[in-house]
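Trainee: Given next are the chains, with one letter for each unit.
2 protein chains.
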Amino acid sequence: MEKKVGEQYLFDFYGELLTQKQKQILEYYYDDDYSLAEIAEVMSVTRQGIFDVIKRSKAMMQVYEEKLGLINKFLKSQILLEKIQKDLSGLADRERDDTLKSELMVVVEKLKKVSEEN
Amino acid sequence: MEKKVGEQYLFDFYGELLTQKQKQILEYYYDDDYSLAEIAEVMSVTRQGIFDVIKRSKAMMQVYEEKLGLINKFLKSQILLEKIQKDLSGLADRERDDTLKSELMVVVEKLKKVSEEN
Chain A
3 MEKKVGEQYL
13 FDFYGELLTQ
23 KQKQILEYYY
33 DDDYSLAEIA
43 EVMSVTRQGI
53 FDVIKRSKAM
63 MQVYEEKLGL
73 INKFLKSQIL
83 LEKIQKDLSG
93 LADRERDDTL
103 KSELMVVVEK
113 LKKVSEEN
Chain B
3 MEKKVGEQYL
13 FDFYGELLTQ
23 KQKQILEYYY
33 DDDYSLAEIA
43 EVMSVTRQGI
53 FDVIKRSKAM
63 MQVYEEKLGL
73 INKFLKSQIL
83 LEKIQKDLSG
93 LADRERDDTL
103 KSELMVVVEK
113 LKKVSEEN
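These protein sequences, in sequence, are chains A and B.
Sequence positions in the first sequence follow the numbering used here and run 3 to 120.
Sequence positions in the second sequence follow the numbering used here and run 3 to 120.
Just chain A, same shape as in the assembly (with noise of 0.2 Å):
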């Protein structure tokens, strides 16, 4: 079983929507980073028992992930936060009043905070 790239964003998103069980089960395998025969013996079930509850909880944050589009709108907004941030920085950077500079700086931290918090 290959993780792609974006199942830890569905996992970060909505594991929170599985079950305890599925919930411990993707918590080993992304991020624990078990191998599905470890996480088979810890959780004393087949390795066969693991990949299907894995398929499963995949299957059905995707169709959370179409439903709510989550990611999807995280990712844009993270995109637009980081320019402006970037924006901002430049205008800093050139800025040779001191005062306006730090002022400027302390607004781009409060957007690092926003895209952390996001």
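If you're looking for bench data, these hints aren't it; they were derived computationally from the structure.
No incorrect hints appear here.
One copy or any two copies: either way a pair holds, since identical chains are not told apart in the list.
Straight line, CA to CA, 25 Å or less: simulated DSS-like cross-link-like pairs of lysine-lysine:
#  : residue 1 : residue 2
1  : K88       : K115
2  : K6        : K23
3  : K115      : K69
4  : K75       : K5
5  : K69       : K57
6  : K78       : K6
7  : K78       : K60
8  : K6        : K75
9  : K6        : K57
10 : K5        : K57
Note that the coordinates shown come from a computational prediction; the quantities given were computed from them, not determined experimentally.
Assemble chain B onto chain A, guided by the hints.
Mentor: Only chain B this time, still in chain A's reference frame:
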């Protein structure tokens, strides 16, 4: 049945996770502001049936909010973004360099776009 503040948000954020029938009824209720009796008539269902669907849908959406917290996150980031827009507008207002002033206003406009698409 009383419409509480925040219910419209629940529907805006989680309406897509309801069934087609639930969604239709809540659209009449929240978006078109129909009464229960009016919805019952257009859907050819009893008023009690409509009441039950709305009650169950609200409970489902509340569970989603407890798990995903999208509304909570949205409101927090809107407050931060508005504060930043205000800071920047303030800087632009007292800026005498017209080029910088207009560059700051461009950034404010971009931030408004982020808020709106949030």
